[in-house]
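Visitor: Once you have looked at the hints, place chain B on chain A.
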Amino acid sequence: MKITGSALKKIAGLAGPFVGLILVITIFSFMPEVSDRFLNLANIKSVATQSVIVALCALGMTLIIVSGGIDLSAASNLALSCVLVAYAINLGMPPLLAALVGVAAGGTVGLLNGFLITRLRLVPFIVTLGMMGIARGLAKWVAKNQKIDAPLSWLNELMVRSPRPSWLLVSPGIWLMILFSLVMAVLLRKTVFGRHALAIGSNELTARLCGVRTDRVKVAVYTISGLLCGLAGVMEFSRLTVGDPTVAMGLELDIIAAVVIGGGSLSGGEGSILGTLVGVFIMAFLRNGCTMMGWPNYFQEIIIGAIIIAAVTLDRLRHRQE
Amino acid sequence: MPEQSLLSLTGISKRFGPNLVLDSVDFDLRAGEVHALLGENGAGKSTLIKILSGAYKPDRGRMLISGAEYRPTGPLDGRRQGIAVIYQELNLAPHLTVEENIMLGQEESRLGLVNRNKNLEKIKKVLEFLCHPEISPGIPVRKLSVGARQVVEIARALASQARILVMDEPTSSLSQEDTRRLFEIIRKLRAEGVGIIYISHFLEEVLEIADRFTVLRDGKVAGRGLIQETSVEELIQLMIGRRISELFPRLPHQPGEVVLRCSGLRSVRMSRPVDLELRRGEILGVAGLVGAGRTEFLRALFGLDRLEEGLVMVAGQKFRPSHTAVSIECGLGMLSEDRQVEGLAVRMSLADNLTLSRLKPYLRAGFLNGRKQKAAASEWMDRVNIKARSPEQKLWTLSGGNQQKVALARLLHQEAEVFLLDEPTRGIDVMSKAQIYELMGRLAADNKAVIFVSSYLPELLGVADRIAVFHRGQLVEVRPAADWTEAGLMKAAITGRESDPVVSGERP
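Protein chains in written order, with this note's numbering: chain A, 1 to 322; chain B, 1001 to 1508.
Because the hints were derived from the structure by calculation, they are not lab data. Predicted model, so just to flag it, every value in this text is computed and none were measured. Even for Gly, the Cβ is constructed at its ideal location relative to N, Cα and C. Keep in mind that the hints are not guaranteed to be accurate.
[Claimed, not checked] Using C-beta positions, here's what the derived DEER-type ranges look like: (1) B/Phe1367 - A/Ile134: 33 to 43 Å; (2) A/Thr313 - B/Gln1340: 24 to 34 Å; (3) A/Leu41 - B/Arg1371: 37 to 47 Å; (4) B/Asp1382 - A/Ile134: 48 to 58 Å; (5) B/Ala1068 - A/Ser267: 39 to 49 Å; (6) B/Gly1400 - A/Leu266: 45 to 55 Å; (7) B/Ala1445 - A/Leu266: 33 to 43 Å; (8) B/Gln1340 - A/Leu100: 44 to 54 Å; (9) A/Leu100 - B/Arg1371: 31 to 41 Å; (10) A/Ile134 - B/Arg1371: 41 to 51 Å; (11) A/Thr26 - B/Arg1269: 54 to 64 Å; (12) A/Leu266 - B/Gln1228: 52 to 62 Å.
One chain only, chain A, in its complex shape (with noise of 0.2 Å):
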């Protein structure tokens, strides 16, 4: 295959975050305390495992924020669905009824973001604020403000490290991860959707100019966003087993970090599902990494800050070379 120029250009541009992930496995794999356990494929299994529901959300806040939108409400969302996938398997649902009406709470979230964005012209900021809130708010109300047990069906070995039929190799969740990370990115890059997504990040009056329904665009950007937060939230559920309405408190901003990280620009008009998926993967193997060397908490919370301020300033950095 022939490298043209802009290819080149695109590896540059993501250079960055992947250089990032790789100095972070580095530096970890040759600590002496974990270097054996680290770099183990049973580790990484388990790290990407964890990656899964933070992934799941970040593709679909990778399409906003490339639309020039933030969403906050995306980790209440999720709550919102774990619980109502755990009270409709206590209704006598079939699991695979429960995870879609998990899945379709999250798109409806996600549409009335859009709507209340597109209808009332409010900044997505203070939708989402609202929303993270009400969303929060109601999975408690379900939940009547507590853990809401179910009996165990197949949705629970969804996100397990050891798959049953052994030729899965890994989680199903793993899977369902890498499927969606494939049809985000060529919705991104290979449809007129995703085309008009990004020009409305970009400059939403040019895309208006050009035609662009800008309004229906950005609906459908916050829907699918909503349901792939909602899909996160059956994730969640396999993994706890429980609907519990006080998880993920705080992730949204895990996930903003994770798209940022990967190189989207909070004004818009920039981003990649790659980049974000590397953001993600940063930030769960630091996690582990520190984890692993027993290093309290706090730590990661301040080497994760630390990233991100890096991860934005060396952008900054290679955009004005350009």
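Guide: Coordinates of chain B only, in the frame set by chain A:
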């Protein structure tokens, strides 16, 4: 040389990568003269000024101020050595007061405490000299008019004892009255022995205010001389290197059947409904003062503003322009008056901008074919003469003229039947302007129709077949271009009626 030069540049060269931007340029300025520096966008004027101010270092050449070697280490040093540059977009801190702005970086102080009385005294003297004693030193700059802000900027230069003043397009955002007052100030400064380098696209003004001129073209001096012995035509010819009659090329075209008819069209931003017809092969010019409703009319037609009433018919198809998607579907295409803010997504690539309004041809089984899209963009780059390295280049890296051609190519690419062009030649170089005029002619010859809004009357008269005039939100008159004169258009735009004499106090 009879008088010693205040400033003399010899053999200045500057290269950016492969581009030789300045090629051994000589320039000199005497004390007490206004020297016009002219040239198209991209001719090298800005680079020369930046070298002069100390922002860039020349690759070769010498600079002397009053006979002494001048080698600025940076803009601050240039300023200290007596050179003040007043840029097109003013460099004032809007929240600070007039006093704070003028004295910024040169405050009179003792032991770190600002000596306000001394400052105020100095400012009062300077503002009086500039014939603007009414500007109060205590008010924040953001509350001043553009003209007054410019005075503040000049005051800052004077307060720093500048001997050489560079003015870059000082009148581009001034009213006529403010321009007149600015010229008084310039004459006063000249009498005081200040040397002024005056850069402007408005050649009539240059003829009025300057003593000598130097024209740059492609980084070289194309000509220099005394203003008294030249004319606008000669200056333009020096700037573009060809005859002015070629600037408005008239391609033969014949108005045919009616292609656009709008009846009773009124958006929320218009005061009166508009009825208008446009034929194939016709260029309709639209004149009027800024804010007279020209842009609002185009936006209503294109579905950008919410509609109150009215219908549009394009090529036999009636529709209500409720959304741009509908208008584009029906064959309209619009070029926005503001390239940077609305017209283009400057952080996206050239190819994306060019094809955004019609992505269908690049779809295969619902998926975009990026290679095909880029190939098409390359083809359009050749067709409308866009100078860029590749279709993937980000748009903000292109010059204004090339950006505008991308915006126009987008309308061609979307295969519009009726082109709505709002100030298509604003802020671009003469060459690009000529190419855009030619393009409009070609469109008309190809049986398309063009509505061309402009504030520059000569280009309306030179390019349009008919000209409509807007006044206070109302379409007041449409006539063949041959029946209009520049004075007539001006009068109609200002008073709302062309035929009647201007009676003071009369309002239509």
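Visitor: Evaluate each hint against the coordinates.
Guide: Cross-check of the supplied hints:
| no. | hint | in the structure |
| --- | --- | --- |
| 1 | B/Phe1367 - A/Ile134: 33 to 43 Å | holds (37 Å) |
| 2 | A/Thr313 - B/Gln1340: 24 to 34 Å | holds (26 Å) |
| 3 | A/Leu41 - B/Arg1371: 37 to 47 Å | holds (39 Å) |
| 4 | B/Asp1382 - A/Ile134: 48 to 58 Å | holds (55 Å) |
| 5 | B/Ala1068 - A/Ser267: 39 to 49 Å | holds (48 Å) |
| 6 | B/Gly1400 - A/Leu266: 45 to 55 Å | violated (28 Å) |
| 7 | B/Ala1445 - A/Leu266: 33 to 43 Å | violated (48 Å) |
| 8 | B/Gln1340 - A/Leu100: 44 to 54 Å | holds (47 Å) |
| 9 | A/Leu100 - B/Arg1371: 31 to 41 Å | holds (39 Å) |
| 10 | A/Ile134 - B/Arg1371: 41 to 51 Å | holds (45 Å) |
| 11 | A/Thr26 - B/Arg1269: 54 to 64 Å | holds (60 Å) |
| 12 | A/Leu266 - B/Gln1228: 52 to 62 Å | holds (58 Å) |
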